[in-house]
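**Student:** Each protein sequence line maps, in turn, to chains A and B.
Quick note: the first sequence uses my numbering, first residue 1, plus one each step.
Quick note: the second sequence uses my numbering, first residue 1, plus one each step.
A few of these clues could be false.
Since copy identity is lost for identical chains, a pair holds within one copy or between any two.
Restricting the straight-line Cα-Cα distance to at most 20 Å, the calculated cross-link-like pairs of lysine to aspartate or glutamate (DMTMM-like) are [as the list claims (entries may be wrong)]: (1) 128 to 89; (2) 279 to 31; (3) 128 to 150; (4) 175 to 125; (5) 229 to 192; (6) 294 to 204; (7) 60 to 264; (8) 173 to 107; (9) 25 to 224; (10) 128 to 176; (11) 229 to 36; (12) 12 to 39.
Note that these hints are calculated values from the structure, not bench results.
2 protein chains.
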Amino acid sequence: MLKAVTIEPILKVTDLYTLYYFQHKSGYRFEGESHDFWEIIYVDHGRASGLNGSEPYELKKGQMIFHHPNVFHNFRTGVMTDEVDEDCDIIVISFGGNLEVLEQFRDHIFTLSMYERNIFKQILDEGKQVYNKTNGKNLIYKKENPFEQEKVPGAKQMIGNLLEQLLLSLYRKQKECPSQVQALPLQSLGMEYQMVRQIILFLEQNLYNNISFADVVNHFNFSETQLKKMFRQVTGYSVMQYYRKCVVGRIEYHIQQQDQNFTELADLFHFSSIHYFSKFYKRETGRTLREYLKNSQE
Amino acid sequence: MLKAVTIEPILKVTDLYTLYYFQHKSGYRFEGESHDFWEIIYVDHGRASGLNGSEPYELKKGQMIFHHPNVFHNFRTGVMTDEVDEDCDIIVISFGGNLEVLEQFRDHIFTLSMYERNIFKQILDEGKQVYNKTNGKNLIYKKENPFEQEKVPGAKQMIGNLLEQLLLSLYRKQKECPSQVQALPLQSLGMEYQMVRQIILFLEQNLYNNISFADVVNHFNFSETQLKKMFRQVTGYSVMQYYRKCVVGRIEYHIQQQDQNFTELADLFHFSSIHYFSKFYKRETGRTLREYLKNSQE
């Protein structure tokens, strides 16, 4: 009598968010975002760079990186060290699921095999059945908000299955072909990037301390001009823009947790009063604390 | 704010049974079986034929057929109409899952695209990680009883995902490329096959009537000699061997259902006594009714 062996998936893709193929002209900059689902960026042509959390990354053709949930990430065409920028085509896919095993992908860059690159091709083909096509500047297509109803049956399931196969293949690669997997921080990055990394880590350590640009400059021995220039080149922001963006993210995290009221949060973030705290939040986001609380409860 | 779209699979492969690649020499015959899980047969080289339930089938290189759960099926190398037999390589995969949508595959033969053939190649590659290799006569490999523990992580999941992709692709093909899908009974089959089909249907209609070979011959206008010869050629059995095999299957179905006791079953199948009924079952299967009942309750 034959006994069945049950397939126990080691990871599951259960939700689809976006699928993009971008043809970016040299000089394109995406200022950055973070969200509570997964994202992968694969470079199909040219080179790209940016930040993954506090870690600068560089991707060549055929390479990809994971942005874990809630990790801030941005993007620019070309690599940061070169004076000459370049065009860059990328595939961006965002998704959710039971993906705890991918924790080990954090801050890693993968060089894809032909098999893995071919999976991207298949995902794009299936994507035509479930994602809306929007033409825009510099884009072949830009697809977001998959349809509930697919044009061809099983297209969403196909995308999920293919993504799982890609993830499983990368999971094996990390064990079997470590030469195809690079851990950040990139050793190849120059002193300037190490500087930016250190500044970001310093900012993150001081999210609750309401620091000023003078505090940053005083903490480091770098020239103020060089610091400003490099930070903007790598992150797309000024130091204090970047800091305020992180502070806002942390404030919103606490509001979602609902563990403290606004007065307590103003104290926690070392604002001198609830008044300045509210004003800061409104100026940065365009909405009031109370509006955010209401939205996050819906 | 991006909204997730949940992937709702239209079919799921959840269990693996066997994976075989057989290199059969011409003249090979498999007498047949039925089981409560799914099976597919794909012809990688040469031609094959057999029965799927009451329907004779023929497969050329690149074609496959589904054997639905509990459908009797057998197999021989070469096609039934030719005097000259031939070698035949086949891939056989058996599996279980939530596959109700495949009801529409019943009694259909599929001609596979290169994409679909390539999925079989990938399944065989992954199979090396989870199935035992047994060398035997005329076989490249024969794999059954997958290991719970796989040699490479996610191999069972890969096989499940690939099977789902194959099934989805065939599901679409049935809608989009009807020319690549043939429904049984095969129009190309000669009068002899139509005869065998009709006999099998007659036997199945009379499972509860304890009929004799004379009843079959009387019902049809065929020559007795021709009837015997053709039936054995197509099914691998004599008419009455085949009939008794079907009756045993039906008896066991009722024992599993536990809706009637043995005396009631003897009546239902028109045996003159429980004694003859028990004796019939013991002679056909080598075990007693009570032994089967006990096994089926475990």
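**Student:** It remains to establish, for every hint, whether it holds in the given structure.
**Tutor:** Results for each hint:
1. 128 to 89: within (18 Å within a copy, 37 Å between copies)
2. 279 to 31: neither (24 Å within a copy, 83 Å between copies)
3. 128 to 150: The answer is within: 9 Å in one copy meets 20 Å, while 35 Å across copies does not.
4. 175 to 125: Classified as between: cross-chain Cα gap 18 Å, same-chain 30 Å, threshold 20 Å.
5. 229 to 192: Classified as within; 10 Å inside a copy, 87 Å across copies.
6. 294 to 204: So residue 294 and residue 204 fail the 20 Å test inside a copy (27 Å) and across (68 Å) alike.
7. 60 to 264: neither (46 Å within a copy, 76 Å between copies)
8. 173 to 107: within (15 Å within a copy, 41 Å between copies)
9. 25 to 224: neither (31 Å within a copy, 81 Å between copies)
10. 128 to 176: between (34 Å within a copy, 17 Å between copies)
11. 229 to 36: neither (31 Å within a copy, 69 Å between copies)
12. 12 to 39: within (15 Å within a copy, 26 Å between copies)
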